[in-house]
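Trainee: Let the hints inform the model, and build the full structure from the sequences given.
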Amino acid sequence: MLIAPLIGLSRHRIGVDGKGVTTLVAFHGCPLSCAYCLNSQCLRSDGMWREVTTQELLEEVAIDNLYFQATGGGICFGGGEPCLRSTFIKEFAKKMPPQWSITVETSLNVARSHLERLLPIVGMWIVDVKDMNPDIYKKYTQKDNVRVVENLSWLLQHDDMASRIMVRLPLIPDYNTPDDVQRSRQKLEAMGVTQFDEFTYKIR
Amino acid sequence: MAKGKDICKTLKRIRKEVADANEIVYEPEECHYEGDCEGTCPRCEQDVRYIEQQLEHRRVLGKAVTIAGIGVGIAALSSCNIFQVKGKMEPVIKPPVLEGDVENVDTVKPEPVSTSAKARLTNSGTEQEEAQTMVVKSDTIKEDMLLGDVIEDMPVFPGGTEGLLQFMTDNVEYPKDAQKLKKEGRVIITFIVEKDGSISDPKVVKSVYPSLDAEALRVVGLMPKWKPGMREGEPIRVKYSIPVVFKL
Numbered sequence: 001m002l003i004a005p006l007i008g009l010s011r012h013r014i015g016v017d018g019k020g021v022t023t024l025v026a027f028h029g030c031p032l033s034c035a036y037c038l039n040s041q042c043l044r045s046d047g048m049w050r051e052v053t054t055q056e057l058l059e060e061v062a063i064d065n066l067y068f069q070a071t072g073g074g075i076c077f078g079g080g081e082p083c084l085r086s087t088f089i090k091e092f093a094k095k096m097p098p099q100w101s102i103t104v105e106t107s108l109n110v111a112r113s114h115l116e117r118l119l120p121i122v123g124m125w126i127v128d129v130k131d132m133n134p135d136i137y138k139k140y141t142q143k144d145n146v147r148v149v150e151n152l153s154w155l156l157q158h159d160d161m162a163s164r165i166m167v168r169l170p171l172i173p174d175y176n177t178p179d180d181v182q183r184s185r186q187k188l189e190a191m192g193v194t195q196f197d198e199f200t201y202k203i204r
Numbered sequence: 001m002a003k004g005k006d007i008c009k010t011l012k013r014i015r016k017e018v019a020d021a022n023e024i025v026y027e028p029e030e031c032h033y034e035g036d037c038e039g040t041c042p043r044c045e046q047d048v049r050y051i052e053q054q055l056e057h058r059r060v061l062g063k064a065v066t067i068a069g070i071g072v073g074i075a076a077l078s079s080c081n082i083f084q085v086k087g088k089m090e091p092v093i094k095p096p097v098l099e100g101d102v103e104n105v106d107t108v109k110p111e112p113v114s115t116s117a118k119a120r121l122t123n124s125g126t127e128q129e130e131a132q133t134m135v136v137k138s139d140t141i142k143e144d145m146l147l148g149d150v151i152e153d154m155p156v157f158p159g160g161t162e163g164l165l166q167f168m169t170d171n172v173e174y175p176k177d178a179q180k181l182k183k184e185g186r187v188i189i190t191f192i193v194e195k196d197g198s199i200s201d202p203k204v205v206k207s208v209y210p211s212l213d214a215e216a217l218r219v220v221g222l223m224p225k226w227k228p229g230m231r232e233g234e235p236i237r238v239k240y241s242i243p244v245v246f247k248l
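Protein chains in written order, with the working numbering: chain A, 1 to 204; chain B, 1 to 248.
What the hints contain is simulated information worked out from the structure, not anything from laboratory work. Treat the hints with care, since some could be wrong.
Said to hold, decoys possible - In silico lysine to aspartate or glutamate, DMTMM-like type, Cα no more than 25 Å apart, as pairs: (1) A/K19 / B/E52; (2) B/K195 / A/E56; (3) B/K3 / A/D197; (4) B/K12 / B/E52; (5) A/K143 / A/D197; (6) B/K183 / A/D46; (7) A/K95 / A/E116.
Mentor: Spelled out as structure tokens, the structure:
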């Protein structure tokens, strides 16, 4: 039985993590080091809340099965970087009622093998690209975005993926500008992305 | 309107739609709690379990059961009304050890103000609801039996809910280290009430602070035998959850 470290669960999210009523399952661990990370405990070794097996997680989230099925909702995996837990998510998906949907909120800055594992089971991909400008991305996350762009292109090559990908385009105070955001959007549209969520990071 | 109340109303409408679509008699009670909530409470959870049980009855009787898609419109409308906020933030998740404002399997209810550094079960006037089972399972854990198994009689602590409250009040001690560090919050413990009424597999499903978790687990381990849950005249294993609130 696979075990994964979590930083939190959040029930009854409506319309923020894809369709219907969802429960957000947030994993510990992330490849990025974002300057304004709101869940920075996912980066700290002592930031883990608890570990769960796929069965334990299923039993806990199943309390909202009625809402999931009635609204076409299900589980949104976030974090942290959920794609790093692709094996866990795959095992969970095998156990869960088939009517539930799975959404991931991801940076896509992970090895391709994770995405290959998740492609058949993830219904909605919410991708936070930060900014498509490599310099801005690196300054904000401390990492390169080459893999993000490659992975997004790879995802978009699959049938009907444009309708299953929502790209989040944040305006990041002190890191990018509204013009940068629009430049990112143009690049993404040229790649085939059709759904965007533009918003501004709020700094705490 | 407060977000929690909006979520509550949306979930209530979804429950009503599912009930109506399946000819289940269900009239949700009006909530008179004036403060904000987390979108659900023990009463709401009880209603969900009731509908699941009624759906299971229908399945057993060979009647059609319709759930899929019943509440899609309601959820979509609500998301427009409630959450279409520009400038929104990334989902904020805080571990319960920090703030506790992200709940897990807990069914959250408003808490009264505590005046003593004494742990207790929440008792804002509806203790019986608080102590109700939040997750119901059959005695055999099968994926297709996780939800809505019919339980005719829930397990009962000796002396009922009042007995349970008294037992917890009598036995839970506020750990000194947690007091010093001003750690407080609600620890949620789940356990199985076995067929013979004994308690097994106690687990912390919502952690607050290690010593508080340990104390809640310790006291659950001290419990006497319960009257087991029953189905068709036979005792069955039932998973039960209780909140143990530590408040300074």
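Trainee: Each hint needs a verdict: does it hold in this structure or not?
Mentor: For each hint, the structure was consulted:
no.: 1; hint: A/K19 / B/E52; in the structure: holds (22 Å)
no.: 2; hint: B/K195 / A/E56; in the structure: holds (21 Å)
no.: 3; hint: B/K3 / A/D197; in the structure: holds (21 Å)
no.: 4; hint: B/K12 / B/E52; in the structure: holds (14 Å)
no.: 5; hint: A/K143 / A/D197; in the structure: holds (22 Å)
no.: 6; hint: B/K183 / A/D46; in the structure: holds (17 Å)
no.: 7; hint: A/K95 / A/E116; in the structure: holds (19 Å)
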